[in-house]
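Taken in sequence, the protein lines are chains A and B.
Mapping of the first sequence onto the numbering used here: position 221 corresponds to residue 221, and the numbering continues sequentially without gaps.
Mapping of the second sequence onto the numbering used here: position 186 corresponds to residue 186, and the numbering continues sequentially without gaps.
No lab work stands behind these hints: they were computed from the structure.
Built from N, CA and C at the ideal position, the CB exists for glycine as well.
Do not take every clue at face value.
Example chain B residues on the side facing chain A (calculated, C-beta under 10 Å, incomplete) [to be verified]: (1) H24; (2) T30; (3) S56; (4) T59; (5) L61; (6) F63; (7) G91; (8) R93; (9) S95; (10) Q99; (11) Q107; (12) F148.
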Amino acid sequence: MNVFAVPAELDVQVVDRVLDVAGQTKTEQTLFDARHVRWIDPSGMIGLLVAGAVIKKRGGSARLQLPDNSDVVAYLKRMGFFREATGIFEILGRVPKRASGSSGVLLEVTPITANADVHAVIDDVQKRAGRILASRLGYPATSVVQFSVILSEVCQNIVEHAEGPGWVAAQAYNWTKRLGRYVVVLSVMDVGRGFRHSLNDEHAARYGDRWGDATALEAAFLHGLTRFPDSGRGQGIQQIRRQVQRWNGSITIRSGSARIAQVPEWDSAAPLVDGLEIFPGAQISIILPALT
Amino acid sequence: MNLTPLMIDVGVLVGKTVTSLHFHLVTRPTGRAVRMAIEAQLARAGGQSISVIDLSDVTILDFSCADEVVAKLLQGHLKTELYEAFFMFRGVRESHRDQIQVVLERQALSAVAETDTGERKLLGVVDAYEARVWQYLEDQGPLVVEDFEIVFPEPMLGDALDRLRGRRVIFSNPVSGQYHALSQLVQELL
Numbered sequence: 001m002n003v004f005a006v007p008a009e010l011d012v013q014v015v016d017r018v019l020d021v022a023g024q025t026k027t028e029q030t031l032f033d034a035r036h037v038r039w040i041d042p043s044g045m046i047g048l049l050v051a052g053a054v055i056k057k058r059g060g061s062a063r064l065q066l067p068d069n070s071d072v073v074a075y076l077k078r079m080g081f082f083r084e085a086t087g088i089f090e091i092l093g094r095v096p097k098r099a100s101g102s103s104g105v106l107l108e109v110t111p112i113t114a115n116a117d118v119h120a121v122i123d124d125v126q127k128r129a130g131r132i133l134a135s136r137l138g139y140p141a142t143s144v145v146q147f148s149v150i151l152s153e154v155c156q157n158i159v160e161h162a163e164g165p166g167w168v169a170a171q172a173y174n175w176t177k178r179l180g181r182y183v184v185v186l187s188v189m190d191v192g193r194g195f196r197h198s199l200n201d202e203h204a205a206r207y208g209d210r211w212g213d214a215t216a217l218e219a220a221f222l223h224g225l226t227r228f229p230d231s232g233r234g235q236g237i238q239q240i241r242r243q244v245q246r247w248n249g250s251i252t253i254r255s256g257s258a259r260i261a262q263v264p265e266w267d268s269a270a271p272l273v274d275g276l277e278i279f280p281g282a283q284i285s286i287i288l289p290a291l292t
Numbered sequence: 001m002n003l004t005p006l007m008i009d010v011g012v013l014v015g016k017t018v019t020s021l022h023f024h025l026v027t028r029p030t031g032r033a034v035r036m037a038i039e040a041q042l043a044r045a046g047g048q049s050i051s052v053i054d055l056s057d058v059t060i061l062d063f064s065c066a067d068e069v070v071a072k073l074l075q076g077h078l079k080t081e082l083y084e085a086f087f088m089f090r091g092v093r094e095s096h097r098d099q100i101q102v103v104l105e106r107q108a109l110s111a112v113a114e115t116d117t118g119e120r121k122l123l124g125v126v127d128a129y130e131a132r133v134w135q136y137l138e139d140q141g142p143l144v145v146e147d148f149e150i151v152f153p154e155p156m157l158g159d160a161l162d163r164l165r166g167r168r169v170i171f172s173n174p175v176s177g178q179y180h181a182l183s184q185l186v187q188e189l190l
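All chains, full assembly: derive it from the sequences and hints.
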């Protein structure tokens, strides 16, 4: 059995390590040992779900040892993590009956498999998004519309391109160490076929030997290519990038062995990384910082 | 002038398409279903029609739906010779505008929009001269060419009017020779 020690602070910055496990594991049993987790964000939660789902998809099995810290477990409950995790993991530890935790929950862990799920997410987020974006980030009241448009487009990416299930979650929290201010983290991941395979039939031949995960991400992220011949397609990611840039936020997409990012001045991430552990599916992370 | 007027409430069509308490025009299949419902109404109207596509009740409009309900709707009707359809989009909020502008630019289209405050604008691909000609008609119309020539003596006026007519953001009456702003037609007919 593989044992993976889940990082104590499982957030958007270290979730790669969880996704790497999904890439490496074949069909064996894997234990995600989360006993020492003290902090987890939406990317961490969905990363765990995706890693477990990938292992299960390959015929393996995944176990999750719950954190010792009861606040973290209660927060996982609050975020709806266990609703999804029980179908993926054999859970070791006691799931609390009651939820507790942050008031910055913008969107609980929500599965996305069909367009109706996207509608439900957009309906759901209206309840809290306006208040949180205004009070935590200092964004204007109208920003809830742009946020909803971003959310709709990233969720549709799962339904239209991934052809596999995925999850979305969003949370506002104080990113004290990194930025000294509040951020909203929006995380969307799927266990579908990834960008390269989605674009392969339509575009691979044109790229010849250069075709790979990194070029596929560049094609979609920078040039708006999609597998559909319709010229009206491919605007979603382009416009998300534009809006995220207006808010001085960051957006990264990891798929296959590559990751591409639009990097604001406060971030030191590389704009393009190749040679990562193969991750089937796609991971989209958006970080929106509070206005200074 | 034998234009059939149509008033199409997109909020109602969204309500028939998805089970939701809110009128969010999101996801491509929803946009496609709404566009097809509009097209069915237009097909019944036949001949020449002018439609007010009312977005007043739409809270969230994403890019996929803007592409379907605005760009593809216009594009489809510019191509067909079966009937001549004119559109004015009503209740366009500031929060819709970016999405509509982007999808129109992408397909090199233009559209007449009436904002939620009642202001009329030409969105999409339009040069400054065309915009001025369009605005003049909007403010002063109906007009014949000679009326325009008083304010726009440039030789390029004719081409600008042809382009605006070709994109169906103005209406030209072949009998009277008058040009009409779509908003004026809507006021008269609806």
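- Query: For which of the previously enumerated hints does the structure constitute a violation, in increasing order of number?
  - Reply: When the structure is compared with the hints, numbers 3, 7, 12 turn out to be violated.
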